[in-house]
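**Student:** Protein chains in written order, with the numbering used here: chain A, 1 to 115; chain B, 1 to 115.
The set of hints was computed from the structure by calculation and includes no laboratory data. Even glycine gets a Cβ: it sits at the ideal position worked out from N, Cα and C. Hints are supplied without guarantee of correctness; some may be wrong.
Pair by pair, the computed Cβ-Cβ distance ranges are [said to hold, decoys possible]:
| no. | chain 1 | residue 1 | chain 2 | residue 2 | range |
| --- | --- | --- | --- | --- | --- |
| 1 | A | S14 | B | R64 | 45 to 55 Å |
| 2 | A | T30 | B | P54 | 25 to 35 Å |
| 3 | B | V53 | A | S14 | 17 to 27 Å |
| 4 | B | P54 | A | S26 | 24 to 34 Å |
| 5 | A | A17 | B | V53 | 29 to 39 Å |
| 6 | A | H110 | B | E14 | 24 to 34 Å |
| 7 | A | S14 | B | S27 | 34 to 44 Å |
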Amino acid sequence: AQSVTQPDIHITVSEGASLELRCNYSYGATPYLFWYVQSPGQGLQLLLKYFSGDTLVQGIKGFEAEFKRSQSSFNLRKPSVHWSDAAEYFCAVGTSGGGADGLTFGKGTHLIIQP
Amino acid sequence: DAGVIQSPRHEVTEMGQEVTLRCKLISGHNSLFWYRQTMMRGLELLIYFNNNVPIDDSGMPEDRFSAKMPNASFSTLKIQPSEPRDSAVYFCASSLRGTGSGEQYFGPGTRLTVT
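Hey, can you work out the whole structure from these sequences and the hints?
**Tutor:** Here's what the structure looks like:
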């Protein structure tokens, strides 16, 4: 069975600083990987996804993520964070195209932005 | 275009009562997923449907939980009888399976409190 580990429960970053959120997955075949963001009291919004091809993927809101098969990682990055980026971030792995068979989520990383 | 619609947004009920959560898929989508989010366990897949057919219900906690898709655009998740440990946020998500992308789109969630 697949699994996702997000090692950082909380991360605090100053506004304007760069950000990297870590995600490690476990899956025996080629994974389908996703990052979602959840603002308080809201549902999950897809930031970006990786299926195949270029291992550096661009998403919405200025986020990007890099798939590294050798490290089983899919870390999320942003060069300069804004106060509105404060939220909960979830990494997820799917076992078929687009997560069509359901997604396995990490426990999430809570991002705090300092002024 | 309307996103995934869930109702009610909040539900408070007493232990032993029946609870029904509702979900309307995005028009044209053919896969439906029910997730539960708690502090302890994070986001867990409960059940999913493809073309109205339940595919995997291994995440349903126990027989008190049941889910149906009476038509292609609507689903219900029922808990009978409810217990305090069922308190959580319940999300449904929909996707379009078979197009190669098919990422999941989440509704705003139903916050269930069982007293």
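**Student:** Please go over all the hints and tell whether each is borne out by the structure.
**Tutor:** Cross-check of the supplied hints:
1. S14/A to R64/B: 45 to 55 Å: About 47 Å separates the Cβ atoms of S14/A and R64/B, which means 45 to 55 Å holds.
2. T30/A to P54/B: 25 to 35 Å: Once the Cβ atoms are compared, 27 Å apart, the range 25 to 35 Å for P54/B and T30/A holds.
3. V53/B to S14/A: 17 to 27 Å: 50 Å, violated
4. P54/B to S26/A: 24 to 34 Å: 26 Å, holds
5. A17/A to V53/B: 29 to 39 Å: The hint (29 to 39 Å, Cβ to Cβ) is violated, given that A17/A and V53/B are roughly 48 Å apart.
6. H110/A to E14/B: 24 to 34 Å: Since H110/A and E14/B have Cβ atoms about 32 Å apart, the given range 24 to 34 Å holds.
7. S14/A to S27/B: 34 to 44 Å: 43 Å, holds
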